Amino acid sequence: MPEVKLSTISKHYDEVIAVDSVNLTVHNGEYVALLGPSGCGKTTTLRIIAGLTLPTEGDVFIDGKHVTYAPPGNRDIGFVFQHFEIFPFWDVWDNVGYGPKLRGLDEIEIEKRVWEALKTTKLTDKADNLPDELNTPELQRVGVARALATGARLMLFDEALGALDPKVKAIFQHELRKIVKKNKLTAIHVTHDQQEAMAIADRIIVMRKGRILQIGKPTELYYKPNDIFIANFLGESNFIEGVVSKVTETGSEIRLRDGSILRTDEKAIKGGRRVIISIRHELLKLQPFERFSALNFIPGKVIGYRFLGDRHSYEVKLDAGEIVGVKEFARAPPPFKLEDPVTVRMDTSLAVLFSYPSNGLAPHLSLE
Amino acid sequence: MGAEGVTLAFFLVVILGPTIFVFSAVFLSWNEVVATVFNDPIAGDIRWQIMRIALIRSFEIAGIVTVINVIIGLPMAILIARYDFKGKEILDTLVDLPMAVPTAALGFSIFLFWGSRSGISVLFGLESGLVSRGPLLIILVHTAFTYPYIVRSLKAVILGIDKTYEDAAKTLGASGFTTWRTISMPLMKEGLIAGAILSFTRSLGETGATLIVAGVYDTAPILIVSWRKMLLIPATAFLSMILVTIAVVMLVLVRFMARKVGFPIEKVWPRPEQFLSGIWQRRFRNSVTIAIFLVIILLPSLFTFQYVALWWNGSPATGRFESGVFYQVFRAPDLKWAWLLISLVTSLQIATLATLINLGFGLPMAFILVRRKWGKINGILDAMIDIPLAVPSSAIGFSAFLFWRGIINPGFWLILMVHIIFTYPYFIRPVIAVIEGIDPGYEEVARTLGASDLTTFRTVSLRLTGRGILAGAIMVFTRSLGETGATIVVMGLSRTVPVYIVDLVESLALPAAAFASIILICISLALLLILRYISRSAEEWK
Amino acid sequence: MSPKVELRHVTKRYESLVALNDLILTINDGEYLTLLGPTGSGKTTTLLLIAGLIQPDKGGEIYIDDVPVADISTENRNIGFVFARYALFPHLDVIDNLIYSPRVKGENLDESKKSAREMLELMVLSGRGDAIPKELSGGMKQRVALARTLMSGAKLLLLDEPLGALDARIRMALRKELRKIVKDLKITAIHATNDITEAFLISDRVAILREGTLIQIGTPAEVYEKPRNIFVANFLSDTNFFGGIVKSVDIQKKSALLELEGDLRAKTNKTSKPENFQIVLGVRAEDIQINPRISIDEPNHFNGEVESSKFISGTNRYEVILENKDLVIIREKASKEWFEEGDSVTISFHPRETLLFDYPEEGLEKALEFE
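Those sequence lines, one after another, are chains D, P and S. First residue of the first sequence? That's 1 in this note's numbering, and the numbers climb one at a time after it. First residue of the second sequence? That's 1 in this note's numbering, and the numbers climb one at a time after it. First residue of the third sequence? That's 1 in this note's numbering, and the numbers climb one at a time after it.
Rather than coming from a laboratory, the hints here were simulated on the basis of the structure. Everything numeric in this text was worked out from a predicted model, so none of it was measured. Among these hints, one or two may not hold up.
To be verified - To give an idea of the chain P side of the interface with chain D (calculated C-beta under 10 Å), a few residues:
| no. | residue |
| --- | --- |
| 1 | Glu-32 |
| 2 | Thr-352 |
| 3 | Leu-449 |
| 4 | Asp-453 |
| 5 | Phe-457 |
| 6 | Val-460 |
To be verified - No more than 25 Å apart at the CA atoms, straight line, and that leaves these computed lysine-lysine pairs for PhoX-like:
| no. | chain 1 | residue 1 | chain 2 | residue 2 |
| --- | --- | --- | --- | --- |
| 7 | D | Lys-285 | S | Lys-333 |
| 8 | D | Lys-167 | S | Lys-333 |
| 9 | D | Lys-184 | S | Lys-325 |
| 10 | P | Lys-163 | S | Lys-105 |
| 11 | D | Lys-270 | D | Lys-285 |
To be verified - Ranges of calculated distance between the beta carbons of each label pair, as one might list FRET restraints:
| no. | chain 1 | residue 1 | chain 2 | residue 2 | range |
| --- | --- | --- | --- | --- | --- |
| 12 | D | Asp-59 | S | Asp-184 | 51 to 61 Å |
| 13 | D | Asn-23 | P | Thr-455 | 33 to 43 Å |
| 14 | S | Asn-28 | D | Thr-248 | 51 to 61 Å |
| 15 | S | Val-67 | P | Glu-60 | 49 to 59 Å |
| 16 | P | Leu-529 | S | Gly-106 | 47 to 57 Å |
| 17 | P | Gly-441 | S | Thr-197 | 26 to 36 Å |
Note that beta-carbon positions come from the ideal geometry of N, C-alpha and C, so glycine has one too.
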């Protein structure tokens, strides 16, 4: 189970800096996601690990060995592409057997490897089919089987599930993770889909504009983002403006624009400072409007409602001015109608406080 | 690196060098050139005058032919590329036909159709041909054999434009005609120019058919041939050099100007354009297009078959058996059938060798151009590949003759060297297109699975390009079979079939010429059909 | 103002492939309808037929505002079409793309340009008028494509997976904007997608297609809570299915007892199937409660072991393997406590929160396959 280490890896194309001084360690047996918007450098980074692209500077180590300039074939990797690249002139068996054959294994060993790979990816009854006889999900599996059959211990997935329908994609995400974990492989998975990253990874590496912004477990990134961009990129979040009105040993109080007060456990930001509170949609709850005012109970009005299957999604305009999203998990039909005045109860224990950015909120809310 | 060095050396020494050798030949013998062309003691500068006129004629004809071809070829390209109808495959194959027919045979057939009394003039009850030898006949011949080039390249361009753009325009309210004018044509611009250039240079350089139908109307390639026969080497060299220079300059200029050409989109005429888009107008336009194709291109091209059938057992007018094809070829005392056989063998040998050599040295070159990233050098190399295409084949022939003089003398081997030169781009261009068409992902996968560069090439790249390469090889073979102009310049005592046809026509042995043409046409046709079959199945692996 | 669209017995065949099979569908004026289904289910074909870019097979008819459109060519149907890859004219800049429609219809050049600039402001693209499509990001191209169709003034909008080429997060942000614009302008919209959340968020009604056939149509709540068959239930949510038979029915008490494969007992409030009838019980992942193992012998309570536990954007997703080897998927809102792999648990669900279906002829596995 190899460990992968990137040491100040950079990649320049003329004036464009695709990857900017990236340092990264992926541990033995870890399943890691490289997550970020298009153009953030995640695919370039993966290709540098694979040896399909050479870095402008920096070093790549796989299993302690310096492989920066070694050809991909010598790095013992399995690479799965977004568009599969299944050789159209060979059937499934020959495609999957190509890797073992190149490694010079004998007939019996090749057969064993291919069968194992086909069994793992549930393709045993398609071994004799040609690629043009298979549908997209099946081709996807062949790509994975082909990588597995090489016997490589490091798997690299480049938006490998990108071509699949959402339902099939969701099933595959979990299957892929199971396969990697069961075979005790190390895997690095590039995606722009934060739900996918959460579903498959032990740790997520968030990239933007060539740089790594934050690395952590899904819960860490979701509840403790270190940047407004990450809070906004990893699932939807509400951003409410306020000013720190009081700081105590146990936390701070934030005064919103309409005078309502939110109380949070965070106490890092000084009094009088302008802040942004980031709070997830599902941490808000709607209650019928009552005229009292209390901490973390904010008045507003329902301006939108959508049924999303397993949850209700409301849009509420706060008296403080912001429009917030509320998601409630419930089977019962919604008790609130459009235009109803409501009180929004906010669970601030998992809210995040940011200093109001000096260059304005917009650049941090950009999804690119 | 060794293999690449050899490939590049081959290109420079065998292809490029001989092609541009005229330049140095002219400069080295400049005094002689001046003496024979400008200051001949007897003729003064008459050769210069003749040269000028011939050049002007060649360019005029090429220009007219190109314009005609764009006008009649564009609707045909649109018809085949965008519409589905019964018999489309057949029409598509028929359009390619003139390309498969060696130009000498084509020229002869068209001459029979328009210019002899057995052709179309029969319908009018005339005693002689409808169109006599001269510029008009040259234009008809050139139009016929450049037509497929234009239609093919326009068809490829149209197919390359995503149909969704045209759909989008329609949903926004544009009629069919408006969509073409404002969306499709601008997107086709580059391809249209490329097709036009191809047509122009083909017309400029064609020799074989022109020899047959020109009569006394000398164009530049014809002049090269006749001066060569008269051994006026310096004058021929000078003419070749001018031809090459002008052709290359034009190529560069047109490519440059292509950027500037725009199509007016600011102006709209909704009502008239809507009228032109109507379904009956479209049907009318398509019928006219097909009719023109049949009458001006196809029927004249294949007329030889009718002629041979008519004249097989004797002259249809006098009934004399000895005038018939059968007697002339097989029974006449000069053993034409034997000469035909010998020249056929020569043609096939040369074509085969040229194809094999191109495969060996052209294939690596194509891969170098596509896969190696040498920056600016790639661009220059790529542009140089096209030079033999732009230069008229008789000029190439002459330049090569000078280049190899003393080392290889006129005859079989010099013919081969020359054929290699002008078929080289015909092989490399389609092969480059096929290689570029391969998804680089396949090669990357192979590398991640452990394949070395060579193994990747052998097991993956070659499998994916194989059919395209085969198609390129067949094109080379066909081109070599049909070439006339350059061959005449360097043939010495050897004969290939096209050249033999020219000989027969000049000695007025028309029935025999017709027979030889048919043999050549049939072989080329068979190759064309195989080519189409391979191209079709190559499409499946996109 | 905004048109109504009707498809009557519309079929489209390509050689042996049936892209659409006898489709009968009405889209009301001013409605936002989504065509939802997997790839190849016929969504794009339907849109192309309404647009007139392809023709239906003999026997099918399409009406826009009660007028048959068979003889009306695309350019005269007054529709807007947003293509999956936008189809922005690459040789024209943004403004020229926007004014294309008014121009080809003969409208004044200066006025069109003025409208175009206003449209750019509306789409938050001011200053981008001179850019060519190549220079724009995916999200920008999407907005220009939408703006271009709005400039045509068409009141019927057809959208073919318009957000499909965008990053997942940008997609989430743009779909709300899309609905808002369409509703503000009182346009009838028909939107094709394979994304369920997108369909629910954006539409008034959802039409579910599978292999060219319309399976079910209704509001998001209707199709989600009353799926017509196993395919719909499986497609719209993570539903767990158990095969079995009806043991007893008590119509008055609104309760039926079921015996499921693997010796499991279950209770449901759906009483429409008779005793000894072969059924499939469906329970959605979000309707199952997961608790530490307790000893209990009640229907709807099953013991098992957690095989996988994952936090995904505010929810916990569990895969629990039951004593009879069935695999059950459970989703719940994330909280401060959660279960780990290997934990022994008891899962349970309320009889109300169940779905009952006939056991499918082709077998349960086949019915759940995704093509």
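Of the numbered hints stated earlier in the document, which are not met by this structure? Violated hints (numbers, rising): 1, 2, 5 and 11; every other hint is consistent with the structure.
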